[in-house]
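Chemist: Chains as they are written, first to last, in the working numbering: chain A, 1 to 451; chain B, 452 to 989.
Honestly, the hints are just simulated from the structure, not real lab data. All residues carry an ideal CB built from backbone N, CA and C; glycine is no exception. A few of these clues could be false.
Claimed, not checked - Pairs of lysine-lysine residues, derived as BS3-like cross-links and limited to a Cα-Cα distance of at most 25 angstroms, are as follows: (1) B:Lys926 - A:Lys117; (2) A:Lys117 - B:Lys707; (3) B:Lys862 - A:Lys104; (4) B:Lys954 - A:Lys138; (5) A:Lys114 - B:Lys893; (6) B:Lys893 - A:Lys138; (7) B:Lys954 - A:Lys114; (8) B:Lys885 - A:Lys104; (9) A:Lys117 - B:Lys862; (10) B:Lys926 - A:Lys114; (11) B:Lys893 - B:Lys926.
Claimed, not checked - To list a few chain A residues with every Cβ distance to chain B over 12 angstroms, as calculated: (12) Glu60; (13) His136; (14) Gln188; (15) Asp195; (16) Ser272; (17) Glu418; (18) His436.
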Amino acid sequence: MNTAHTQQAAVFDPGAAAGRTTDAILHDTLHGTHRGVVVDSPPGAGKSTLVVRAALELAEAGRPLMVIAQTNAQVDDLVVRLAEKNPELPVGRLHSSDSDPYDKALDELTNVRKSAKAAELAGLDVVISTAAKWAHVKVDEPWRHAIVDEAYQMRSDALLAVAGLFERALFVGDPGQLDPFSIVGAEQWAGLSYDPSASAVTTLLAHNPELPQHRLPVSWRLPASAAPLVSAAFYPYTPFRSGTGHGDRKLAFAVPSDGSGPDRVLDEAAESGWGLLELPARHTPRTDPEAVRAVAMVVRRMLDRGGAATSERGPEPTPLTADRIAVGTAHRDQAAAVRAALAELGVADVTVDTANRLQGREFDVTVVLHPLSGRPDATAFHLETGRLCVLASRHRHACVVVCRAGVTDLLDDHPSTEPVQLGVTVKFPDGWEANHAVLSHLAEHRVAWRP
Amino acid sequence: MSLIATLARLEAVSTGRAQPAATVRHRHLSARPLVLVPLTTAGEAGAPLGALVGDDRDAPRLLVVPQPRDRDLRFAFLAELADVVLPFIDSYADTVEAAERSETDPETGKRVKVEVELCADAPQLIVPSRAGLDFVRLLGRSMRFRRTAEQDPETPYPAPPRVPLLGRWFTHYGERARVPGSALLLALTDVLSRHWATGQSTLEDQHLGALLAWIDPPDGESGAEAAMRAELARDAQGQLLWPPAGPATDPAFDNKLLAPAIEKYDRARTALAAAEDGESADDRLGELTAAEREIRALVESRTRPTWDAVWRGLDLLGTLPEGAHAADRWTRDRWSFTGHRDRVVAGEPPQPRRDDAVTAANKLATREREQARLEAQEALDDPLVMAGRRLSGEAFAGEVTDVVMAYSEGKRPSPRPLVTVRTDDRPQLGERVKVYRSLGGKPQAAEFVGHEDSPGTDGSSIVVLRVVDKMGRGKEPEAGSVPERGDLVCFTLFEHEQRGGAKLPDADQTPWTHGGPPGEEAAPALPAADPVTEEDVL
Chain A
1 MNTAHTQQAA VFDPGAAAGR TTDAILHDTL HGTHRGVVVD SPPGAGKSTL
51 VVRAALELAE AGRPLMVIAQ TNAQVDDLVV RLAEKNPELP VGRLHSSDSD
101 PYDKALDELT NVRKSAKAAE LAGLDVVIST AAKWAHVKVD EPWRHAIVDE
151 AYQMRSDALL AVAGLFERAL FVGDPGQLDP FSIVGAEQWA GLSYDPSASA
201 VTTLLAHNPE LPQHRLPVSW RLPASAAPLV SAAFYPYTPF RSGTGHGDRK
251 LAFAVPSDGS GPDRVLDEAA ESGWGLLELP ARHTPRTDPE AVRAVAMVVR
301 RMLDRGGAAT SERGPEPTPL TADRIAVGTA HRDQAAAVRA ALAELGVADV
351 TVDTANRLQG REFDVTVVLH PLSGRPDATA FHLETGRLCV LASRHRHACV
401 VVCRAGVTDL LDDHPSTEPV QLGVTVKFPD GWEANHAVLS HLAEHRVAWR
451 P
Chain B
452 MSLIATLARL EAVSTGRAQP AATVRHRHLS ARPLVLVPLT TAGEAGAPLG
502 ALVGDDRDAP RLLVVPQPRD RDLRFAFLAE LADVVLPFID SYADTVEAAE
552 RSETDPETGK RVKVEVELCA DAPQLIVPSR AGLDFVRLLG RSMRFRRTAE
602 QDPETPYPAP PRVPLLGRWF THYGERARVP GSALLLALTD VLSRHWATGQ
652 STLEDQHLGA LLAWIDPPDG ESGAEAAMRA ELARDAQGQL LWPPAGPATD
702 PAFDNKLLAP AIEKYDRART ALAAAEDGES ADDRLGELTA AEREIRALVE
752 SRTRPTWDAV WRGLDLLGTL PEGAHAADRW TRDRWSFTGH RDRVVAGEPP
802 QPRRDDAVTA ANKLATRERE QARLEAQEAL DDPLVMAGRR LSGEAFAGEV
852 TDVVMAYSEG KRPSPRPLVT VRTDDRPQLG ERVKVYRSLG GKPQAAEFVG
902 HEDSPGTDGS SIVVLRVVDK MGRGKEPEAG SVPERGDLVC FTLFEHEQRG
952 GAKLPDADQT PWTHGGPPGE EAAPALPAAD PVTEEDVL
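Okay, chain B solo, but in the shape it has when bound:
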């Protein structure tokens, strides 16, 4: 944790309120995001219990699996989920703008510009917490390889028509969420704790209720008390007043309320199946419906508080103006969305079970580049973030006290003015370290020349820099390209823009060091199941 984050947390403890960690919003928020509050069944990985989903805060759609172990009911749930999510995604797929992209011409091998479509906006998906992100990935993985009856008439348990497609989109969103700074799929607790520092641990920050209690405590109550209540307060029946954001549920809820309700449902279903005549079947159907309605009410009672909390959190984030570079990053999200839309339309197969060597290396390189870019952009967009970098010696701000014109040696001397800056910061400047400042949105580089003895005793230091670029081609620097005496400047020791990495070989050119091109042996159709042992049969 950086020093400024520690200070902010200490301040949050002493004031009883979360402290701002940012002055602008560093993630794009859609005007109409799709919120998904999923619940899962305890002890059954990948068995959803239900969800609230929708883009209208007043009218969420409640989806419930009354018996989560029943494969048919689970498919019905996923099909319903697809009916909500896919039309939402499709509604963004058709509004496009023209854009250019450079591609390698297959015939000449040269980079050429091609006209392509770029979706004008992209659908944004919000889940309450980081565990929700993992759940989206899990659902994606469990759905994308399913076969529908139409794809394969022989398949033993055909999936409803649009379920595999939902799996592919969830997989895409889950992978995209791993790219730093992306906003296609956001976990609200992550975004909130990026913008506010609370007086609790980062682990506790993953509890949405507690996090909101610190950020926006009720009148007359401190954040710490409110957070404690949000985590622990229970009603007379022993149920949590603020259920966890999921997808895991509270054990007290599972044991005391859910298990009996599911049991009742199972009994009603068995009874209906055993009904001998129409009249008793009608009665028993009534019982079954009542049992199902009870489970639906239970699931709604656990998801609705989280649903409301998510929208409240979004409102809080909405009070911050969007950071200047957030739109940039959102554009890359739109490219990502458009790219996957095109792959789906082109009939490409679902994402493979595992990345091959080249894909994995490319993804890692992209994410590292985006991480560095995000850190730089957040600092440039937000003086509070920059303050943290200044405090850690990675940037410094100050006043220009002197500018001396100088020129480079060589046939065509270029301007290399020496700029003296007085700063109260303590940058970690070493010999010939490069520093950068933002000049009209573009980085201008300078070289550290040395320290001058400071005249004052106020702890400030005098830094001499040599500006080395962005001054035009002439002998005299272009107007406004060199700082002037009295200017307030801020230089960073980190670069503002990231260079693209080297191009990796194509997957079919994977070298021998990495196992060669992925062939049949590298991608077995399905790993064989473990053999059944005695311990498997109790």
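Just chain A, same shape as in the assembly:
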């Protein structure tokens, strides 16, 4: 048995594979000759861990470092992680001059200095801020090094505003998540290498194709039940593996099923990692009251039935509490409707948000209102690959999708008809293909329900 185990490990040891990649990335970053290094990271592949480690090593090597993240929450999160790893490291948190510009938790970190003025943070080993804030900073002497986090969600014009601040940079991000968007048309520049509405990495690589590119090979978040689907549907040419095996994670409920739709779909999801709660086909307004209520019911039952999650992190099961559950939607009004429905059922503290805002977050179980549920049409927005990818890759244990029947037909009725723009790299897979892949997998875990 021991031999068998060793052999299997020789075939693929996720920890070792990830370690080798990380070493190569750090080597290129610290000792490479190129001005930039690009790292693609699938969902939950340890991107933040990599950023923190790279930041610490660069600081140790005595190179002044600026870190560019996209949102204030991401910045605060990075600061906290850095301080956890090395409480002695002098870190600067550059923030806006609005009220409440940063997380109050930062006030308790002794070596973190906070300021709205870059000059007051000069000389610190690491200075962290958002791209929007960095864009207002002017320096005489550029930073030796920068780390750009979530670089695929950064727009090209945002990089243009800050690229003068650093000499070299490590760009880290997930190419499968939502592309940046603009609220006005930008077709005029489509096909230009510096299209301001494209992602920062697209522009960077168009002008610097020789930069080394790495890919993190292991998702530590996604369970063994989810990684193959997400990898095949959204990263067909750059596959990744889950860091855990099939038996490593377990979700169980103390209270047995009462035979209702929500309970049956929860059992299916606990068993297989996926569940599809299918409502009868119907065209509905965006905030489909029945579907919204079904989502809320699933969450309510999940809490009522005393869920417990066992994972590789410890031998004892941890209770599935509200803060380990998230609901994902496509639109903000849908999220608001779900929040209202949850409040009606007396559920509090469950995260309910749109795909855009769930990017980078992690939960034990997610409940997703399918972007195409009840729609009469499949627009580019609802078909966007990244949206579905974000919604289907936030969970450590299981994902329940609530959807009206008929989405497959809807997809067949709406082939992609976006105009082809010359000079623009076609993104593959397109949303149409990815949606079909996910739906056909979900069909195996379907629970039909009449509200």
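Since chain A is already given, all that's left is putting chain B on it; use the hints.
Modeler: Chain B in isolation, oriented as in the chain A frame:
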């Protein structure tokens, strides 16, 4: 499409008339706009067939290219167009008012105020439809790089003197039209469908005749019937009664009427060239003139209905009072016009073929800012637009039921009154969400504190807000700066004013990530033509 727009369209279907989508006019309309109704030749991109143009609805100028494939005739058309458009533009260039603008002093690097000229009004250009906007851009692109004989004596096909200048102005207008809320160049179908919701699809709304039929149907007829007639009705010869607004023409017109007429014209021209003596030349010239006159009549017959429809549409828009912020946006249009006037006067080269990285990023940032500003201003100017935002949970209106004075903590306590509002709307308020109301034209911010249990069962909710600014510097808020019990208030979840974005580097400081400064290699003089292959020669 927003819920209120869907409702308005459903109502339009059931009543047979377009429903108002706005109570005020959200675009500035000039008292004397220049209307341009262009036609293009089927199958020949950038080959104009003719146009009606002018600022007097009773006396449009008809311009026609009798043989659109003839480069000389095309230039003659463009030269004529320049003769109409450029004097119109120039007539606005000289009336100026003094204004201030902050500029960076090149020596000290500080922002200083400088006195500059601002044109008191700007020339407004109206085309019938969105396709017309694209045509203006196309003409601009095709003209602005042309060289006149004066600029370059060696140029093989010199353009008439003012044609390149017209190209630069058309390019400027075409680019400006991409800025949300701008009114220098307007497509009438866009403006009309902003103000009325019809019972047809947005695609069909781009047909000017059908759109007007919904907005103002003839007596006793429903909008749907009138629109159907406007789109499809044909006469005994199979020609559309209401020709499309262009620039594309109806194929039946192209095949049955235009093609034979152009053929006749070509024959007459060949015959004239072959004339051997003066007498026969005179006769043949007569034939040529007759053939040309026939084409002119045809082009006029296709453009005149659209011309009249455009003025009718402008009249309809004129019945709405102008929105309060439209003048603001028009002032920015005047700045844009003045800026381009100055660039032309300063002898700057025409706009480049492609934007460089910095220009593109700046344009995108401006347009996004203007879009957000436009959405906010339209809602503030127009209760019907605000109703749509309230319906989608982005704003709420209600009555103030209680005001409790409170103060901020700290050394110098500032007023932070708690205002309770009862509303029938369902705003999407989350923890500490900021909301804004208009206080004497300036936004006042408040923070969402929480919901109170509603006493009634009428579906209304009670919202508690903490007002955080615009109350003066003292300990007591200035009079009128805090809502009072019984006041009717309207708060929005979106901001009213847009912050300026960060300053981007100058083009010659373009960073390595974006290809570095645009040099010679980034801007090749002319891309080489594709090599000729066997398939090119039939």
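Chemist: Does each hint fit the structure? Answer for all of them.
Modeler: Hints versus structure:
The suggested pairing of B:Lys926 with A:Lys117 is violated, with an alpha-carbon distance near 29 angstroms, which exceeds 25 angstroms. In summary, the hint linking A:Lys117 to B:Lys707 is not supported, as the alpha carbons are separated by about 72 angstroms, beyond the 25 angstroms threshold. For the suggested pair B:Lys862 and A:Lys104, the alpha carbons sit about 20 angstroms apart, so the restraint of at most 25 angstroms is met. Distance hint between B:Lys954 and A:Lys138 is fulfilled; the C-alpha atoms sit about 10 angstroms from each other, no more than 25 angstroms.
The straight-line distance between the Cα atoms of A:Lys114 and B:Lys893 is roughly 31 angstroms, outside the 25 angstroms bound, and the hint therefore fails. Using a Cα cut-off of 25 angstroms, the hinted pair B:Lys893 and A:Lys138 is violated, with the two alpha carbons roughly 31 angstroms apart. For the hint linking B:Lys954 to A:Lys114, the alpha-carbon distance of about 24 angstroms falls within 25 angstroms, and the restraint holds. Between B:Lys885 and A:Lys104, the direct Cα distance comes to roughly 19 angstroms. Compliance with the 25 angstroms bound is thereby established for this hinted pair.
Simply put, A:Lys117 and B:Lys862 have alpha-carbon atoms about 23 angstroms apart, close enough for the 25 angstroms limit, and the pair holds. Between the alpha carbons of B:Lys926 and A:Lys114 the distance comes to roughly 29 angstroms, so the proposed pair goes past 25 angstroms and is violated. Proximity of B:Lys893 to B:Lys926 is assessed by CA-CA distance (about 21 angstroms); at most 25 angstroms being required, the pair is judged to hold. Distance to chain B confirms A:Glu60 as a non-interface residue, since its nearest Cβ pair spans about 26 angstroms, more than 12 angstroms.
Against chain B, the non-interface label of A:His136 is violated: not every CB pair exceeds 12 angstroms, the least being about 5 angstroms. For A:Gln188, the shortest C-beta to C-beta distance to chain B comes to about 7 angstroms, within the 12 angstroms cut-off, and the non-interface label is violated. Not every Cβ of chain B is farther than 12 angstroms from the Cβ of A:Asp195; the closest lies at roughly 7 angstroms, contradicting the non-interface assignment. Consistency note on A:Ser272: stated as away from chain B, and its beta-carbon is indeed over 12 angstroms from all of that chain's, at 34 angstroms minimum.
Its beta-carbon lying about 16 angstroms from the closest one in chain B, A:Glu418 satisfies the requirement of being farther than 12 angstroms from that chain. A:His436, annotated as away from the interface, keeps every beta carbon of chain B farther than 12 angstroms; the closest lies near 26 angstroms.
Consistency note: the structure conflicts with the earlier hints numbered 1, 2, 5, 6, 10, 13, 14 and 15.
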